[in-house]
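Please take these sequences and the hints and turn them into a complete structure.
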Amino acid sequence: MQNYKVAIVGAGPAGYFAAQALQNLQTDDLQFSIDMIERLPTPWGLVRSGVAPDHPKIKTVAKVFEKIATAGNFRLFGNVELGTDVSIEQLNEMYDAVVIATGSAVGKKLGIPGEDLPGSISAAHFVPWYNAHPDFADFKINLNCTTAVVIGAGNVAMDVARMLALEPSELDPTDTADHAIAVLKESSIREVVISARRGPEHAAFTSPELRELPKLEHTNVLMANSDIEAAISRAGDEIEKDTKSNLDAMLLISEKEATNHDRTMKFQFLATPVEFKGNGKVEEVIFQKTGSDERFSINCGLVITAIGYEAASIPGIPYERGKVVNNEGRVNEGMYVVGWAKRGPSGVIGTNKSDAADVMKLLVEDLKGAKNGGDIADILPATKVISQSHWEAINAAEVAAGEPLGKPRLKVVNRDELIRIAKS
3 MQNYKVAIVG AGPAGYFAAQ ALQNLQTDDL QFSIDMIERL PTPWGLVRSG VAPDHPKIKT
63 VAKVFEKIAT AGNFRLFGNV ELGTDVSIEQ LNEMYDAVVI ATGSAVGKKL GIPGEDLPGS
123 ISAAHFVPWY NAHPDFADFK INLNCTTAVV IGAGNVAMDV ARMLALEPSE LDPTDTADHA
183 IAVLKESSIR EVVISARRGP EHAAFTSPEL RELPKLEHTN VLMANSDIEA AISRAGDEIE
243 KDTKSNLDAM LLISEKEATN HDRTMKFQFL ATPVEFKGNG KVEEVIFQKT GSDERFSINC
303 GLVITAIGYE AASIPGIPYE RGKVVNNEGR VNEGMYVVGW AKRGPSGVIG TNKSDAADVM
363 KLLVEDLKGA KNGGDIADIL PATKVISQSH WEAINAAEVA AGEPLGKPRL KVVNRDELIR
423 IAKS
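Just add 2 to the spot in the sequence shown (first one is 1) and you have this note's numbering.
Hints in this document: simulated from the structure, not taken from any laboratory. One thing to keep in mind: the hints can contain errors.
Below, in silico cross-link-like pairs of lysine-lysine (DSSO-like), each with a Cα-Cα straight-line distance of 30 Å or less [claimed, not checked]: (1) Lys279 with Lys217; (2) Lys69 with Lys283; (3) Lys217 with Lys258; (4) Lys425 with Lys65; (5) Lys268 with Lys110; (6) Lys59 with Lys355.
Here are the computed distance ranges between Cβ atoms for each label pair [to be verified]: (7) Asn329 with Gly349: 47 to 57 Å; (8) Leu382 with Ser171: 40 to 50 Å; (9) Ile114 with Arg236: 37 to 47 Å; (10) Glu335 with Ser228: 30 to 40 Å; (11) Lys363 with Arg236: 34 to 44 Å; (12) Ala260 with Leu382: 51 to 61 Å; (13) Asp137 with Leu382: 54 to 64 Å.
Keep in mind it's a predicted model, so treat the numbers as computed, not measured. No residue lacks a Cβ here, since even glycine has one placed at the ideal position from N, Cα and C.
Now the structure itself:
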(Lines of atoms letter the chains of each structure in order from A and count residues from 1; the text may use other names and numbers.)
(Lines give C-alpha, C1' and ligand atoms only; values in the text may rest on other atoms or scores of the structure.)
Protein backbone atom coordinates (compact mmCIF):
# COMPACT_ATOMS: atom_id res chain seq x y z
CA MET A 1 0.00 0.00 0.00
CA GLN A 2 1.25 3.47 -0.93
CA ASN A 3 0.60 6.40 1.40
CA TYR A 4 1.10 9.79 -0.18
CA LYS A 5 1.39 13.10 1.68
CA VAL A 6 -0.52 16.03 0.23
CA ALA A 7 -0.40 19.64 1.46
CA ILE A 8 -3.42 21.85 0.77
CA VAL A 9 -2.74 25.57 1.18
CA GLY A 10 -5.95 27.36 2.09
CA ALA A 11 -8.81 26.22 4.34
CA GLY A 12 -11.73 27.51 2.31
CA PRO A 13 -14.33 25.54 0.33
CA ALA A 14 -11.92 24.71 -2.52
CA GLY A 15 -9.38 23.32 -0.06
CA TYR A 16 -11.88 21.18 1.81
CA PHE A 17 -13.43 19.86 -1.39
CA ALA A 18 -9.93 18.94 -2.62
CA ALA A 19 -9.37 17.02 0.62
CA GLN A 20 -12.75 15.32 0.24
CA ALA A 21 -11.92 14.33 -3.35
CA LEU A 22 -8.64 12.75 -2.18
CA GLN A 23 -10.48 10.89 0.58
CA ASN A 24 -12.97 9.59 -1.99
CA LEU A 25 -10.14 8.43 -4.29
CA GLN A 26 -8.55 6.25 -1.62
CA THR A 27 -8.43 2.48 -2.12
CA ASP A 28 -6.88 -0.46 -0.27
CA ASP A 29 -3.68 0.24 -2.23
CA LEU A 30 -3.77 4.05 -2.25
CA GLN A 31 -3.97 6.21 0.88
CA PHE A 32 -3.45 9.91 1.55
CA SER A 33 -2.23 11.88 4.54
CA ILE A 34 -3.63 15.40 4.14
CA ASP A 35 -2.23 18.50 5.83
CA MET A 36 -4.22 21.72 5.41
CA ILE A 37 -2.28 24.96 5.93
CA GLU A 38 -4.25 28.12 6.69
CA ARG A 39 -2.98 31.66 7.33
CA LEU A 40 -5.81 32.54 9.74
CA PRO A 41 -6.48 30.90 13.12
CA THR A 42 -9.94 29.98 11.77
CA PRO A 43 -10.77 27.78 8.74
CA TRP A 44 -13.72 27.73 6.28
CA GLY A 45 -12.63 30.71 4.17
CA LEU A 46 -15.54 32.54 2.55
CA VAL A 47 -18.10 30.36 4.35
CA ARG A 48 -16.99 32.14 7.52
CA SER A 49 -15.86 35.52 6.21
CA GLY A 50 -17.64 35.98 2.87
CA VAL A 51 -21.18 34.60 2.95
CA ALA A 52 -23.72 37.25 3.93
CA PRO A 53 -24.73 36.78 7.60
CA ASP A 54 -28.44 37.00 6.74
CA HIS A 55 -28.10 33.87 4.56
CA PRO A 56 -27.23 31.27 7.22
CA LYS A 57 -28.40 28.26 5.17
CA ILE A 58 -25.42 28.66 2.83
CA LYS A 59 -23.12 28.23 5.83
CA THR A 60 -24.44 24.74 6.62
CA VAL A 61 -21.82 23.38 4.19
CA ALA A 62 -19.43 23.80 7.15
CA LYS A 63 -20.87 20.52 8.48
CA VAL A 64 -19.38 18.82 5.41
CA PHE A 65 -16.02 20.48 6.13
CA GLU A 66 -16.03 19.18 9.69
CA LYS A 67 -16.73 15.64 8.49
CA ILE A 68 -13.77 15.89 6.10
CA ALA A 69 -11.55 17.25 8.87
CA THR A 70 -12.36 14.41 11.28
CA ALA A 71 -12.02 11.53 8.80
CA GLY A 72 -8.74 10.41 10.36
CA ASN A 73 -6.19 11.26 7.67
CA PHE A 74 -6.41 15.06 7.98
CA ARG A 75 -4.45 17.62 10.00
CA LEU A 76 -5.12 21.35 10.21
CA PHE A 77 -2.20 23.77 10.55
CA GLY A 78 -3.94 27.08 11.19
CA ASN A 79 -2.20 30.39 11.90
CA VAL A 80 0.56 29.33 9.49
CA GLU A 81 1.44 31.57 6.56
CA LEU A 82 3.04 30.29 3.39
CA GLY A 83 6.07 32.40 2.54
CA THR A 84 6.59 33.47 6.16
CA ASP A 85 6.34 30.41 8.41
CA VAL A 86 7.06 27.86 5.71
CA SER A 87 8.24 28.22 2.11
CA ILE A 88 6.83 26.67 -1.03
CA GLU A 89 10.23 25.01 -1.51
CA GLN A 90 9.93 23.29 1.87
CA LEU A 91 6.45 22.05 1.01
CA ASN A 92 7.68 20.67 -2.30
CA GLU A 93 10.43 18.77 -0.47
CA MET A 94 8.14 17.33 2.21
CA TYR A 95 5.01 16.47 0.22
CA ASP A 96 4.24 14.29 -2.77
CA ALA A 97 1.87 16.97 -4.01
CA VAL A 98 0.98 20.54 -3.05
CA VAL A 99 -2.47 21.98 -3.77
CA ILE A 100 -2.93 25.76 -3.82
CA ALA A 101 -6.43 26.73 -2.66
CA THR A 102 -5.84 30.29 -1.49
CA GLY A 103 -8.83 31.85 -3.27
CA SER A 104 -9.00 35.46 -4.47
CA ALA A 105 -9.07 38.16 -1.83
CA VAL A 106 -7.82 41.31 -3.60
CA GLY A 107 -10.55 43.56 -5.01
CA LYS A 108 -10.22 44.60 -8.64
CA LYS A 109 -10.01 48.30 -9.45
CA LEU A 110 -12.03 50.32 -11.94
CA GLY A 111 -9.02 52.41 -12.93
CA ILE A 112 -10.92 55.71 -13.13
CA PRO A 113 -10.20 59.20 -11.70
CA GLY A 114 -11.17 59.69 -8.07
CA GLU A 115 -11.24 55.99 -7.22
CA ASP A 116 -8.81 56.53 -4.34
CA LEU A 117 -10.85 59.29 -2.66
CA PRO A 118 -11.93 58.63 0.94
CA GLY A 119 -15.41 57.12 0.83
CA SER A 120 -14.48 54.85 -2.09
CA ILE A 121 -13.82 51.30 -0.88
CA SER A 122 -13.77 47.77 -2.22
CA ALA A 123 -16.17 45.00 -1.30
CA ALA A 124 -12.95 43.09 -0.56
CA HIS A 125 -12.67 45.29 2.55
CA PHE A 126 -16.34 45.79 3.43
CA VAL A 127 -17.42 42.12 3.31
CA PRO A 128 -14.71 40.73 5.62
CA TRP A 129 -15.23 43.74 7.93
CA TYR A 130 -18.86 42.87 8.64
CA ASN A 131 -17.98 39.17 8.74
CA ALA A 132 -15.43 39.54 11.60
CA HIS A 133 -12.29 38.75 9.59
CA PRO A 134 -9.31 39.42 11.92
CA ASP A 135 -7.42 41.37 9.23
CA PHE A 136 -10.26 43.90 9.04
CA ALA A 137 -11.11 44.33 12.73
CA ASP A 138 -9.73 47.89 12.67
CA PHE A 139 -11.15 48.86 9.27
CA LYS A 140 -13.01 52.15 9.45
CA ILE A 141 -16.04 53.01 7.31
CA ASN A 142 -18.04 56.24 7.35
CA LEU A 143 -21.79 55.73 6.84
CA ASN A 144 -22.67 59.33 7.62
CA CYS A 145 -24.39 59.97 4.28
CA THR A 146 -27.86 59.36 2.89
CA THR A 147 -26.95 57.71 -0.42
CA ALA A 148 -24.47 54.92 -1.23
CA VAL A 149 -23.58 53.50 -4.64
CA VAL A 150 -22.54 49.87 -5.13
CA ILE A 151 -20.87 49.18 -8.46
CA GLY A 152 -21.19 45.61 -9.70
CA ALA A 153 -23.71 43.10 -10.99
CA GLY A 154 -23.01 39.93 -9.04
CA ASN A 155 -24.09 38.38 -5.76
CA VAL A 156 -21.32 40.16 -3.85
CA ALA A 157 -22.67 43.54 -5.01
CA MET A 158 -26.16 42.45 -3.99
CA ASP A 159 -24.96 41.27 -0.56
CA VAL A 160 -23.15 44.56 0.02
CA ALA A 161 -26.17 46.62 -1.02
CA ARG A 162 -28.52 44.54 1.11
CA MET A 163 -26.31 44.91 4.20
CA LEU A 164 -26.39 48.69 3.74
CA ALA A 165 -30.13 48.84 3.01
CA LEU A 166 -31.43 46.47 5.70
CA GLU A 167 -32.95 47.70 8.93
CA PRO A 168 -29.84 46.90 11.05
CA SER A 169 -31.83 45.24 13.85
CA GLU A 170 -32.51 42.44 11.33
CA LEU A 171 -28.85 41.52 11.77
CA ASP A 172 -29.11 41.03 15.55
CA PRO A 173 -29.90 37.29 15.28
CA THR A 174 -27.06 36.70 12.77
CA ASP A 175 -23.31 36.20 13.19
CA THR A 176 -22.52 39.66 11.81
CA ALA A 177 -19.56 41.14 13.67
CA ASP A 178 -20.66 43.18 16.69
CA HIS A 179 -18.52 46.12 15.60
CA ALA A 180 -20.29 46.15 12.21
CA ILE A 181 -23.79 45.99 13.71
CA ALA A 182 -22.93 48.95 15.95
CA VAL A 183 -21.75 51.04 12.98
CA LEU A 184 -24.68 50.01 10.77
CA LYS A 185 -27.15 51.00 13.50
CA GLU A 186 -25.68 54.52 13.41
CA SER A 187 -25.78 54.65 9.58
CA SER A 188 -27.51 57.57 7.88
CA ILE A 189 -27.80 55.68 4.58
CA ARG A 190 -31.35 55.39 3.32
CA GLU A 191 -30.84 54.83 -0.41
CA VAL A 192 -28.49 52.30 -1.98
CA VAL A 193 -28.05 52.26 -5.76
CA ILE A 194 -26.67 49.09 -7.38
CA SER A 195 -25.15 50.06 -10.70
CA ALA A 196 -24.39 47.61 -13.50
CA ARG A 197 -22.37 48.45 -16.60
CA ARG A 198 -24.33 46.02 -18.80
CA GLY A 199 -28.02 45.17 -19.13
CA PRO A 200 -30.06 42.90 -16.81
CA GLU A 201 -29.65 39.97 -19.22
CA HIS A 202 -25.88 40.01 -18.56
CA ALA A 203 -26.01 40.40 -14.77
CA ALA A 204 -24.17 37.76 -12.76
CA PHE A 205 -26.73 37.69 -9.94
CA THR A 206 -28.28 34.30 -9.24
CA SER A 207 -32.05 33.89 -9.25
CA PRO A 208 -32.37 32.54 -5.65
CA GLU A 209 -30.66 35.73 -4.41
CA LEU A 210 -32.95 37.90 -6.54
CA ARG A 211 -36.08 36.08 -5.35
CA GLU A 212 -35.16 36.86 -1.74
CA LEU A 213 -35.21 40.63 -2.32
CA PRO A 214 -39.01 41.20 -2.37
CA LYS A 215 -39.16 39.52 1.06
CA LEU A 216 -37.22 42.35 2.71
CA GLU A 217 -39.55 43.74 5.37
CA HIS A 218 -38.14 47.25 5.81
CA THR A 219 -36.64 48.05 2.40
CA ASN A 220 -38.15 49.15 -0.90
CA VAL A 221 -36.58 47.23 -3.80
CA LEU A 222 -36.82 49.04 -7.14
CA MET A 223 -36.15 47.91 -10.69
CA ALA A 224 -37.49 49.79 -13.68
CA ASN A 225 -39.94 47.57 -15.54
CA SER A 226 -38.82 49.14 -18.83
CA ASP A 227 -35.22 47.97 -18.16
CA ILE A 228 -36.32 44.38 -17.64
CA GLU A 229 -38.76 44.30 -20.56
CA ALA A 230 -36.02 45.66 -22.85
CA ALA A 231 -33.59 43.02 -21.57
CA ILE A 232 -36.11 40.23 -22.21
CA SER A 233 -36.54 41.54 -25.75
CA ARG A 234 -32.76 41.68 -26.32
CA ALA A 235 -32.29 38.17 -24.92
CA GLY A 236 -34.71 36.77 -27.51
CA ASP A 237 -36.14 33.26 -27.72
CA GLU A 238 -32.82 31.37 -27.57
CA ILE A 239 -32.26 32.34 -23.96
CA GLU A 240 -30.11 30.35 -21.54
CA LYS A 241 -31.89 28.76 -18.59
CA ASP A 242 -30.03 30.74 -15.90
CA THR A 243 -30.54 34.02 -17.74
CA LYS A 244 -34.27 33.32 -18.07
CA SER A 245 -34.52 32.52 -14.35
CA ASN A 246 -32.76 35.79 -13.55
CA LEU A 247 -34.97 37.85 -15.82
CA ASP A 248 -38.12 36.17 -14.50
CA ALA A 249 -37.06 37.06 -10.95
CA MET A 250 -36.23 40.63 -11.98
CA LEU A 251 -39.57 40.98 -13.74
CA LEU A 252 -41.36 40.03 -10.54
CA ILE A 253 -39.41 42.71 -8.67
CA SER A 254 -40.17 45.33 -11.31
CA GLU A 255 -43.91 44.51 -11.22
CA LYS A 256 -44.16 44.30 -7.44
CA GLU A 257 -46.61 46.66 -5.76
CA ALA A 258 -44.77 49.72 -4.45
CA THR A 259 -43.89 49.84 -0.77
CA ASN A 260 -43.26 52.90 1.37
CA HIS A 261 -40.35 52.07 3.65
CA ASP A 262 -37.67 54.46 4.87
CA ARG A 263 -34.92 52.46 3.15
CA THR A 264 -34.55 51.85 -0.58
CA MET A 265 -32.42 49.53 -2.71
CA LYS A 266 -32.48 50.60 -6.34
CA PHE A 267 -30.99 48.96 -9.44
CA GLN A 268 -29.67 50.81 -12.47
CA PHE A 269 -28.35 49.15 -15.62
CA LEU A 270 -26.30 50.15 -18.66
CA ALA A 271 -24.35 52.73 -16.65
CA THR A 272 -20.54 52.86 -16.80
CA PRO A 273 -18.78 54.77 -13.98
CA VAL A 274 -16.23 57.17 -15.44
CA GLU A 275 -15.19 59.34 -12.48
CA PHE A 276 -15.63 59.83 -8.75
CA LYS A 277 -15.68 63.48 -7.71
CA GLY A 278 -15.49 65.27 -4.38
CA ASN A 279 -13.58 67.71 -2.23
CA GLY A 280 -11.37 65.47 -0.10
CA LYS A 281 -13.94 62.65 -0.18
CA VAL A 282 -16.44 61.04 -2.56
CA GLU A 283 -19.42 63.29 -3.17
CA GLU A 284 -20.52 62.35 -6.69
CA VAL A 285 -20.22 59.51 -9.20
CA ILE A 286 -20.26 60.39 -12.91
CA PHE A 287 -21.78 57.71 -15.15
CA GLN A 288 -21.94 57.34 -18.89
CA LYS A 289 -24.89 55.51 -20.37
CA THR A 290 -23.34 52.39 -21.84
CA GLY A 291 -23.15 52.62 -25.62
CA SER A 292 -23.75 56.39 -25.79
CA ASP A 293 -22.08 59.69 -24.94
CA GLU A 294 -24.80 60.69 -22.49
CA ARG A 295 -23.61 61.29 -18.94
CA PHE A 296 -25.39 61.66 -15.60
CA SER A 297 -24.35 61.77 -11.97
CA ILE A 298 -25.44 60.53 -8.56
CA ASN A 299 -24.62 62.45 -5.40
CA CYS A 300 -23.43 60.09 -2.69
CA GLY A 301 -21.03 59.83 0.23
CA LEU A 302 -19.99 56.19 -0.16
CA VAL A 303 -19.06 54.03 -3.15
CA ILE A 304 -18.34 50.32 -2.81
CA THR A 305 -16.92 48.53 -5.84
CA ALA A 306 -17.78 44.85 -6.24
CA ILE A 307 -16.35 44.13 -9.69
CA GLY A 308 -14.42 40.96 -8.99
CA TYR A 309 -11.39 39.65 -7.14
CA GLU A 310 -7.83 38.64 -7.89
CA ALA A 311 -5.58 36.18 -6.12
CA ALA A 312 -2.77 37.64 -4.02
CA SER A 313 0.55 36.32 -5.27
CA ILE A 314 2.71 33.93 -3.23
CA PRO A 315 6.49 33.75 -3.78
CA GLY A 316 7.46 30.71 -5.82
CA ILE A 317 4.08 30.33 -7.55
CA PRO A 318 3.49 31.73 -11.06
CA TYR A 319 0.65 34.28 -11.37
CA GLU A 320 -0.92 35.99 -14.34
CA ARG A 321 -4.04 38.21 -14.50
CA GLY A 322 -4.91 37.54 -10.88
CA LYS A 323 -4.82 33.73 -11.12
CA VAL A 324 -2.26 30.99 -10.65
CA VAL A 325 -0.87 30.00 -14.05
CA ASN A 326 -2.11 26.46 -14.66
CA ASN A 327 -3.18 23.90 -17.22
CA GLU A 328 -6.50 22.40 -16.10
CA GLY A 329 -5.25 22.66 -12.51
CA ARG A 330 -1.68 21.51 -13.04
CA VAL A 331 0.83 24.23 -12.12
CA ASN A 332 4.12 22.36 -12.38
CA GLU A 333 5.43 18.99 -11.26
CA GLY A 334 3.81 18.06 -7.98
CA MET A 335 1.86 21.31 -7.70
CA TYR A 336 -1.84 21.91 -8.40
CA VAL A 337 -4.39 24.66 -7.97
CA VAL A 338 -8.14 24.59 -7.28
CA GLY A 339 -10.96 27.08 -6.75
CA TRP A 340 -10.83 30.79 -7.40
CA ALA A 341 -7.01 30.82 -7.45
CA LYS A 342 -7.31 28.48 -10.45
CA ARG A 343 -10.22 29.85 -12.44
CA GLY A 344 -10.92 33.32 -11.02
CA PRO A 345 -13.86 34.41 -8.85
CA SER A 346 -16.70 32.56 -10.54
CA GLY A 347 -19.44 30.19 -9.53
CA VAL A 348 -21.00 29.46 -6.16
CA ILE A 349 -19.51 27.49 -3.26
CA GLY A 350 -20.66 24.18 -4.76
CA THR A 351 -18.82 24.92 -8.03
CA ASN A 352 -15.58 24.25 -6.17
CA LYS A 353 -16.58 20.65 -5.49
CA SER A 354 -16.58 19.42 -9.09
CA ASP A 355 -13.61 21.64 -9.90
CA ALA A 356 -11.53 20.15 -7.06
CA ALA A 357 -12.60 16.60 -7.91
CA ASP A 358 -11.40 17.00 -11.51
CA VAL A 359 -8.01 18.36 -10.44
CA MET A 360 -7.48 15.68 -7.77
CA LYS A 361 -8.00 12.98 -10.43
CA LEU A 362 -5.12 14.54 -12.35
CA LEU A 363 -3.03 14.58 -9.16
CA VAL A 364 -3.58 10.84 -8.71
CA GLU A 365 -2.70 10.17 -12.36
CA ASP A 366 0.61 12.02 -11.89
CA LEU A 367 1.73 10.28 -8.67
CA LYS A 368 5.10 8.59 -8.64
CA GLY A 369 6.99 7.03 -5.75
CA ALA A 370 6.18 8.46 -2.34
CA LYS A 371 8.73 10.84 -0.82
CA ASN A 372 10.06 10.69 2.70
CA GLY A 373 10.63 14.39 3.18
CA GLY A 374 9.94 14.87 6.86
CA ASP A 375 7.01 16.26 8.83
CA ILE A 376 5.90 19.91 8.73
CA ALA A 377 5.04 19.63 12.42
CA ASP A 378 8.76 19.35 13.16
CA ILE A 379 9.60 22.75 11.64
CA LEU A 380 6.68 24.78 13.01
CA PRO A 381 6.56 25.97 16.65
CA ALA A 382 3.82 24.05 18.44
CA THR A 383 2.89 27.23 20.30
CA LYS A 384 1.98 28.87 16.99
CA VAL A 385 -0.06 26.21 15.22
CA ILE A 386 -3.84 26.07 15.52
CA SER A 387 -4.81 22.42 15.13
CA GLN A 388 -8.22 20.91 14.40
CA SER A 389 -8.84 20.41 18.14
CA HIS A 390 -7.85 24.03 18.77
CA TRP A 391 -10.31 25.17 16.10
CA GLU A 392 -13.02 23.02 17.68
CA ALA A 393 -12.41 24.86 20.97
CA ILE A 394 -12.80 28.23 19.20
CA ASN A 395 -15.92 27.01 17.41
CA ALA A 396 -17.51 25.73 20.62
CA ALA A 397 -16.73 28.98 22.48
CA GLU A 398 -18.26 31.14 19.75
CA VAL A 399 -21.40 29.01 19.52
CA ALA A 400 -21.80 29.01 23.30
CA ALA A 401 -21.37 32.80 23.46
CA GLY A 402 -23.97 33.31 20.72
CA GLU A 403 -26.64 31.01 22.15
CA PRO A 404 -27.99 33.30 24.92
CA LEU A 405 -28.11 36.16 22.40
CA GLY A 406 -30.13 34.14 19.87
CA LYS A 407 -27.21 34.09 17.42
CA PRO A 408 -25.69 31.05 15.67
CA ARG A 409 -22.34 32.22 17.08
CA LEU A 410 -20.66 35.31 18.48
CA LYS A 411 -17.56 35.63 16.36
CA VAL A 412 -14.25 36.52 17.95
CA VAL A 413 -12.46 39.09 15.80
CA ASN A 414 -9.12 39.59 17.52
CA ARG A 415 -6.42 37.17 16.36
CA ASP A 416 -4.68 37.04 19.75
CA GLU A 417 -7.99 36.31 21.47
CA LEU A 418 -8.73 33.50 19.01
CA ILE A 419 -5.35 31.95 19.79
CA ARG A 420 -5.90 32.36 23.55
CA ILE A 421 -9.25 30.55 23.36
CA ALA A 422 -7.73 27.80 21.25
CA LYS A 423 -4.85 27.17 23.65
CA SER A 424 -6.74 27.55 26.94
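Going through the hints against the structure:
1. Lys279 with Lys217: violated (35 Å)
2. Lys69 with Lys283: Answer violated: Lys69 to Lys283 is near 48 Å, above 30 Å.
3. Lys217 with Lys258: Given that 30 Å is the threshold and the Cα spacing comes to 11 Å, the pair holds.
4. Lys425 with Lys65: holds (23 Å)
5. Lys268 with Lys110: holds (23 Å)
6. Lys59 with Lys355: Roughly 18 Å separates the two Cα atoms, so the pair holds.
7. Asn329 with Gly349: 47 to 57 Å: This hint is violated: roughly 19 Å between Cβ atoms.
8. Leu382 with Ser171: 40 to 50 Å: The hinted range 40 to 50 Å holds for Leu382 and Ser171, with Cβ atoms some 44 Å apart.
9. Ile114 with Arg236: 37 to 47 Å: This hint is violated: roughly 26 Å between Cβ atoms.
10. Glu335 with Ser228: 30 to 40 Å: violated (56 Å)
11. Lys363 with Arg236: 34 to 44 Å: holds (40 Å)
12. Ala260 with Leu382: 51 to 61 Å: The hint (51 to 61 Å, Cβ to Cβ) holds, given that Ala260 and Leu382 are roughly 59 Å apart.
13. Asp137 with Leu382: 54 to 64 Å: Violated, at about 21 Å.
Comparing the model with each numbered hint stated earlier shows that hints 1, 2, 7, 9, 10 and 13 do not hold.
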